[in-house]
Each structure stands twice: as structure tokens, then as C-alpha cells.
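Start from the sequences and build out the full structure, keeping to the hints where you can.
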Amino acid sequence: MKQQIIVSGIGGQGVLFLTRVIAQAAVNRGLPVLTSETHGMAQRGGTVLSTIKVDNFASPLIRAGQADLGLLLWEENLSVHQTLIRPEGGLYLNAATAGPGERIDASAIARGLGNAVLANLVLLGLAVRKQALFCCVDECETAIRQLAPQKFARQNLEAFHQGLNHN
Amino acid sequence: MKQQIELLMGNEAIGRGLIEAGCQIAAAYPGTPSTEILQAVIDHREQAEEPLHIEWSVNEKIAFEVALAASYTGKRSVAVMKQVGLNVAADPFMRTAYLGVKGGMLTIVADDPGPHSSQNEQDTRLFCLQARVPVLDPASPAEAKELVPLAFELSEKYEMNLVLRPTTRICHSRQNVERQKPLKLERGANFEKDPTRWAATPAFLPPLHRRLNAGLEEIAREPGLQPRLTKGDGSRPRVALVASGIACAHLVDLLDELGLSGRVDLFQVLMPYPLNPEFSARLRQDYSRVLVLEETYPVIELQLAHPGTVGKQDGAVPREGELAPDIIHRVLAAFLDLPAPPELPVQKRGQRPSLCPGCPHRAAFYSIRQCFPKGIFPSDIGCYTLGLNLGAVDTVHCMGACISQGVGFYQAYAQDGEFPTIVVTIGDSTFFHAGIPALINAVIQQARIIVVILDNATTAMTGGQPVPHLGLAADGRKTRAVAIEPLVRASGVDFLEICDPYDKPRFEKLLRQADNYIRGEQGGVAVLISRHGCIMDPAVRKAQPSWQVSVIESCVGCRRCVDAFECPALSMDSEQNIARINPDRCIGCGTCIPVCPVDAIVREETS
Numbered sequence: 001m002k003q004q005i006i007v008s009g010i011g012g013q014g015v016l017f018l019t020r021v022i023a024q025a026a027v028n029r030g031l032p033v034l035t036s037e038t039h040g041m042a043q044r045g046g047t048v049l050s051t052i053k054v055d056n057f058a059s060p061l062i063r064a065g066q067a068d069l070g071l072l073l074w075e076e077n078l079s080v081h082q083t084l085i086r087p088e089g090g091l092y093l094n095a096a097t098a099g100p101g102e103r104i105d106a107s108a109i110a111r112g113l114g115n116a117v118l119a120n121l122v123l124l125g126l127a128v129r130k131q132a133l134f135c136c137v138d139e140c141e142t143a144i145r146q147l148a149p150q151k152f153a154r155q156n157l158e159a160f161h162q163g164l165n166h167n
Numbered sequence: 168m169k170q171q172i173e174l175l176m177g178n179e180a181i182g183r184g185l186i187e188a189g190c191q192i193a194a195a196y197p198g199t200p201s202t203e204i205l206q207a208v209i210d211h212r213e214q215a216e217e218p219l220h221i222e223w224s225v226n227e228k229i230a231f232e233v234a235l236a237a238s239y240t241g242k243r244s245v246a247v248m249k250q251v252g253l254n255v256a257a258d259p260f261m262r263t264a265y266l267g268v269k270g271g272m273l274t275i276v277a278d279d280p281g282p283h284s285s286q287n288e289q290d291t292r293l294f295c296l297q298a299r300v301p302v303l304d305p306a307s308p309a310e311a312k313e314l315v316p317l318a319f320e321l322s323e324k325y326e327m328n329l330v331l332r333p334t335t336r337i338c339h340s341r342q343n344v345e346r347q348k349p350l351k352l353e354r355g356a357n358f359e360k361d362p363t364r365w366a367a368t369p370a371f372l373p374p375l376h377r378r379l380n381a382g383l384e385e386i387a388r389e390p391g392l393q394p395r396l397t398k399g400d401g402s403r404p405r406v407a408l409v410a411s412g413i414a415c416a417h418l419v420d421l422l423d424e425l426g427l428s429g430r431v432d433l434f435q436v437l438m439p440y441p442l443n444p445e446f447s448a449r450l451r452q453d454y455s456r457v458l459v460l461e462e463t464y465p466v467i468e469l470q471l472a473h474p475g476t477v478g479k480q481d482g483a484v485p486r487e488g489e490l491a492p493d494i495i496h497r498v499l500a501a502f503l504d505l506p507a508p509p510e511l512p513v514q515k516r517g518q519r520p521s522l523c524p525g526c527p528h529r530a531a532f533y534s535i536r537q538c539f540p541k542g543i544f545p546s547d548i549g550c551y552t553l554g555l556n557l558g559a560v561d562t563v564h565c566m567g568a569c570i571s572q573g574v575g576f577y578q579a580y581a582q583d584g585e586f587p588t589i590v591v592t593i594g595d596s597t598f599f600h601a602g603i604p605a606l607i608n609a610v611i612q613q614a615r616i617i618v619v620i621l622d623n624a625t626t627a628m629t630g631g632q633p634v635p636h637l638g639l640a641a642d643g644r645k646t647r648a649v650a651i652e653p654l655v656r657a658s659g660v661d662f663l664e665i666c667d668p669y670d671k672p673r674f675e676k677l678l679r680q681a682d683n684y685i686r687g688e689q690g691g692v693a694v695l696i697s698r699h700g701c702i703m704d705p706a707v708r709k710a711q712p713s714w715q716v717s718v719i720e721s722c723v724g725c726r727r728c729v730d731a732f733e734c735p736a737l738s739m740d741s742e743q744n745i746a747r748i749n750p751d752r753c754i755g756c757g758t759c760i761p762v763c764p765v766d767a768i769v770r771e772e773t774s
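If you read the sequences in order, they're chains A and B.
Numbering follows my numbering, in which position 38 of the first sequence is assigned residue number 38; successive positions increment by one, without gaps.
Numbering follows my numbering, in which position 42 of the second sequence is assigned residue number 209; successive positions increment by one, without gaps.
Hints listed in this document are in silico derivations from the structure and should not be mistaken for laboratory results.
All C-beta atoms in this analysis are idealised placements derived from N, C-alpha and C, irrespective of residue type, glycine included.
Do not take every clue at face value.
[Unchecked claim] Some residues of chain A that are not near chain B, with every Cβ distance over 10 angstroms (derived):
1) M1
2) G30
3) E37
4) H39
5) G46
6) A58
7) P60
8) R63
9) P100
10) C136
11) D138
12) Q150
13) E158
[Claimed, not checked] Partial selection, computed: residues in chain A whose CB lies under 7 angstroms from chain B:
14) T35
15) S59
16) L61
17) T83
[As the list claims (entries may be wrong)] One side only, chain B facing chain A, incomplete, derived with CB under 8 angstroms:
18) Q171
19) I172
20) S307
21) Q342
22) N343
23) I413
24) V419
25) R451
26) Q452
27) D493
28) R497
29) S521
30) L522
31) C523
32) P735
33) D751
Structure follows, in C-alpha cells:
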């Protein structure tokens, strides 16, 4: 299934890690995958955007209005990146307040787990529960285990599960 | 085979490709978007079949010269840098084109169309045209990796230095990439002396130049590097699309989306210089209209000299910025008479980058600004460029320019009489890169300036590569440390102080002393080393005390902490008109506490 996904946040929120987890899930399934990432100056607390394109694509970038799905770790980025998402595309946000899209206060949950950065995996959990992504729970768990530093693997999986089971 | 597929960033793929191709000497200076290439060589070094020397050189010229000499011994070598790094290495790079190499030598230069984190959008391919150096332009991470061994082979066949030019969207993309077994070349170092070549004086250069020109004519016809044609179905006769690099990848996806794949002839150019003259002739003969898509300058277009070209020269393709897919859509629609795409929504900028919460540079900049509200502040390339946000950076030009600019400002004012306080800020890595000659010049020219060396013991902007005063080699082994202080003293600086900028009263006292010194009878250059480790380093965070910092009711909403101190952990609650601290971002350094004029920022000890 061809899928174009954006992951949006600010530097230091774990946008790159979340991007890698999703892309690794595609690799493990044997699907071609391309991602693009923000590095350098912009990563110093500024707005960052990653794209993920699963299945047969040549370019890592996503055109305006073509993304099937947006995962936003920073609510204020909605005004910056929403134009990339198709009108009928999925929208999942880390947000404490009400508004468009499916929302979860991932930062609060992550803080409860002892590390605000885990909000990225909490949000992934929500998106997987809603079956918004090409991949399933097991595939995400495998990818998280592959990519997380060993001593944080359990905590990362816990964050993912909190997102999965949150109502 | 399945276990050999890995998800790699373009830079990692290139780094891995270097090891697979038997490269034995790899030298680089970090710079976005090139940095992770050498890091990948470091990370994969255990898989190399033969000894491998890896170094973070102090600048790109040195990296190039180290790799060059290694190639003279017959071994494969690489110098890695970003596009503006090639300017620093330009001197040896230009001469190498004439003298050539022995063992395969690649210069990998990452370009930054956009630009995302650079001071310009210069096109390394055009630099190569000027230098007469063949250059390869990959369209994906996987292709970049595939071109590495081929480039080494051709470098050896033609005894030429070849350039591989990935761009940001290749460097920082990830793709499933296939692993190969690293080559075992079993080469011993064997430098064959030939002063007529390796020390060529002007008399020997015309024949070397002739040889270069002959080589270029041959390599332009190399079968493996010819433009790759995806034939159309003939429905659009005498029309061709020519694209190179990531622009070609964008075009392929766009054609697919528009249902035009395989409908129009598409050439992917792998080697933009030297372009095969037969290809140019064929395009002139077989096609009336040609759209050329390339980043950033019209390198292919200039060489094609096709009268029906649509591209950057006639303005049909934007002459600046990244050729993002939406831009290519607009260009393609106009070229092929397709319905014009809807206007793009205005791009909002989002959150601007800023120095990290707790960054020692913020404390230093704030003090500098406080002490010298009317000062002039030349600065340089690195995280500390973000001192812009604090009004403590007035100029940023190129690596190492700040000290010389400080001298220029001083001389211009001093000849009129009075001079303002000029506070130059330069990071530790930049100081080693290009600051030392500039400091010596400032001293001998008797400039009266303050130079603050922002020493956070790392190359922070690019992710923390080791710096010379750390005593660590690229692979983490211990090496001799080269301290900053004796270098400063040996440069002839008499005023030298060192201070942690977290200690605001002392730091400001030293700044004022420095100002008195430069204005005294014997005054000259004053150097203050602002020393505190980068807080991106977990060990630094752990070692420093941390407090629970909060804003109490006495806050009057003056915004000084938000505007003038600009810590991203601080924001304004506009409804209540008070400052707030975001606990997820605050690291509890307490450097904001003395900033508040009404003492409304307070701390409780937690650890």
C-alpha cells in the first residue's frame, strides 16, 4: 500500500526517531521506503518536518496536499504543515486542548513516564490504534526494539503502549 | 540477501560505500549536510578489510591535502566537506585537477539547495566545471552509494580526483540500501617520486593541463556514466526532459502521479560535468524542446547550448532555492501544456531555531549585550550564530571571518577618532578552523577589539564532533590535546581571561576589564574564553547543578526574559501577562534568574 506520511514537531522532540521507527517497520516488511529529515541549524528548537514515503517512490519529498497522514508533535505546527496533508487525510496531534484531528496529550503521558521526549511514541501508539498507518502493533514494537538504545527499550515500548491503550 | 538490506541515511550509505570500496584514508571537517558521511565511516570502521585512518581535520583544506598525499601512495582516499568547505579547500583542489592522483581519490561535497543550513546555494558542479574536475550527481541514497566504487575505479583509470556531489535531500533522506562485502585491495603505501608532477613548477604545467583536457574528453564518454534514457511512447515527439540529482527523483514521482510515466523521453544525467558532447549533439538533432531540471545553477544547460532549452537561463525554472516537487510541477505543467496547478498556499515559517535551554552561549551573549549596548558584534558559523536572536550578533560571513571583520570595523572607526566596543564571538572549533591566522593578524595590526572564544568543547552545531583541545581522535581514541590558551598567548595577546558564562557577575566584570584594556595606552586585542561544556552532552548536564525554576506572582510581564534572554523554555502567558516556564524544556540551569528585573524567577534545589 503506497503511503505518504509527515511527522512534524520542533527540534528535540524526537521527530527523527519516530520517523526512523516507521521507516524501519517498512523495511522489515520488505517494502521500499524513502524518508527526508531536518538537520543542522533548524533542529535547534526550530520547526522540523520529516516525510516518509512507503512503497515505490523515487523522491523523499511530499507535495502540497498529497500526504495521507500527519503526525504532529507540536500543535502550533498545524498552521505550517497542514497544507501538506490531503483534505481527507488522517491527522494525529500531541495536544492538551481540543481542536481538529485526533488528539492526545502525549506530553503529559510521557512526563508521567519520566521523559517528555517519549511523547513521540505515545502519538505513534494512538495512530496505530486508529489503524492509520500501513503497519501494525507487532511491527512497531519490533522496530522500536531495533532502534531504541537497549536501556531505554522498555520505557519506549511502555510509551507506545500508553498511546495504544489511551481512550 | 534479505538481511543485507538496511535503512540508511544518504550520508550513511555513502560512508558505508567508502568502506566497501576499500577507502583507507578518510578526512573531513563537519558541516551540514555532509557531516554524517565521516561519522558513518567511523561507525562502520570495524567492517573495513584493511587499516583505515579517519580524521576530523581542523579545516577542509587540510582534509583535502591529507587525502591527496595518501592517494599519491596508491591508496584510496576521500576528503568530505559541505559546499562552502570546498571554498576553503579550493587552492589544493584546483591544482590537483592538473597534477592528478594515483590511488583513487574522491572529494565528496554536499550541496545545500534551499539553503537549509548554509550561507549560500553555490553549486559544486559549477565549481567543478571551473576546476575541470568530473562530478557525479546522484538522485537517491542508494544511487549515491552505488557511484562510490565506480568513482574510485574511474579516478584510478584516469588518475583524476572525482567529485561526488549529493545534496541535502540525498544526504538526509533514508532509503533501503543493499550492503556489499568490503573490498580487500591489499595495497601498500608506495610513493613514486616524480617532482615534475608532484612539485610541478610552471614549466611543467602546460603538458599536465593538456593531459587533463585529454582525460576529460575520454571520461565524458565513459559508458557507465552516460545519461540514462527512459523512453516515452512517442506521443510527445521531439520533446525531452533532462534532469539530474534529486530533481530527477522528484520528476519521476511527479510524472507517475500525473499519469505521464513512459509518455515522454526522460534523460537522467549522472555526470553533469564533463557532459558527453555526443549527448549534446543528439539532443540538438532529435529534440526541438528540452526542459532541464537541475540544482542549483544551470551547469548542464550551459554545456548543452540547445536552442530550444527551457530552464534557468530563460527563467522558466527558478534560479534560486530548492527545486521542490511543487515547483517542478508548475514548471512541467507550463512546459507540457498541462493544466496549471493551483496556487500554493503561503508557506508559514513556524518556530524559529534558537540556542538550547541552558546553552552557555546564551548567558555569554546576554552579558555581552548588557555590558555594551552600543557595541558592534561580529560573529561566525556555528550554533552561536543564533546569538542573532539576542541582538548580540551583527555579522556572520564565513568560517573565521569574524575576527578579521572585527579588525576592519575597528580600523574604519579608529581613523575617525572614537571607536565603539567591538566584541567578536567565535566558537572553539571555528577558532581552530580559521580563527588563528586572523587573531595573529589582529594582534600585529594593533586592533583594539575584544574576542570572546565561546568554548563549549565540541563542534555543537553538527552534532558534537571532537575539537583539538579535547584530546580525542575521530574514532574516540586518546590523542594529544592542543589547548587554546597557549595558542592565544603565542599569537601575541597580552589580555587573556577564562570564565564560565554561567557566573554572570564575574563574566561581566571581565568584559568590562577587557574594554578598559583595549582602551588603555598599551591596549590591543583582549581575549576572553567563555568556557562551559555544551549541554547537548549528557555528561555536562549531569555534572552541573539543576534547580526547579519557576515564575512567581511578582512577575510584571515586562518580557525581558522572553525577548532579551530568549530561552525557549520561557514563554508569555498572554492572558495573564506573566512569563511561564515549560517544565519539559527547562533544564534548571538558573541562568535566567538574574535576568529578571523584579526577581520573579526563583529556584528550589532538586538535585
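With 10 angstroms as the threshold, tell me whether A:Q150 passes as away from chain B on beta-carbon distances.
-> Holds, because the least Cβ-Cβ distance between A:Q150 and chain B comes to about 16 angstroms, which exceeds 10 angstroms.
Hey, does the B:S307 contact hint survive, CB to chain A under 8 angstroms?
-> 7 angstroms, holds
Nearest-CB test (10 angstroms) between chain B and A:P100 = Given a closest Cβ separation of 16 angstroms, the condition holds.
Is it correct that the beta-carbon of A:D138 has no partner in chain B closer than or equal to 10 angstroms?
-> Holds: least Cβ distance 18 angstroms, greater than 10 angstroms.
Taking the closest Cβ pair, is B:I172 under 8 angstroms from chain A?
-> 7 angstroms, holds
B:I413 as chain A interface residue, shortest Cβ-Cβ below 8 angstroms = Given a least distance of 7 angstroms, the restraint on B:I413 holds.
With 8 angstroms as the cut and Cβ atoms as the points, is B:R451 at the interface with chain A?
-> 28 angstroms, violated
Status of A:P60, Cβ more than 10 angstroms from any chain B Cβ | 4 angstroms, violated
Mind checking the CB of B:D493 against every CB in chain A and telling me if the closest is under 8 angstroms?
-> 5 angstroms, holds
Given B:N343 was flagged as interface, is its beta-carbon under 8 angstroms from a beta-carbon of chain A?
-> Hint holds; B:N343 Cβ to chain A Cβ min 5 angstroms, cut 8 angstroms.
When the nearest CB of chain A is found for B:D751, is that gap smaller than 8 angstroms?
-> Check passed: Cβ of B:D751 comes within 4 angstroms of chain A, closer than 8 angstroms.
A:C136: least C-beta distance to chain B exceeds 10 angstroms?
-> Holds, because the least Cβ-Cβ distance between A:C136 and chain B comes to about 18 angstroms, which exceeds 10 angstroms.
Violated hints, listed in ascending order, are 2, 3, 4, 5, 6, 7, 8, 18, 25, 26, 28; each of the other numbered hints is respected by the structure.
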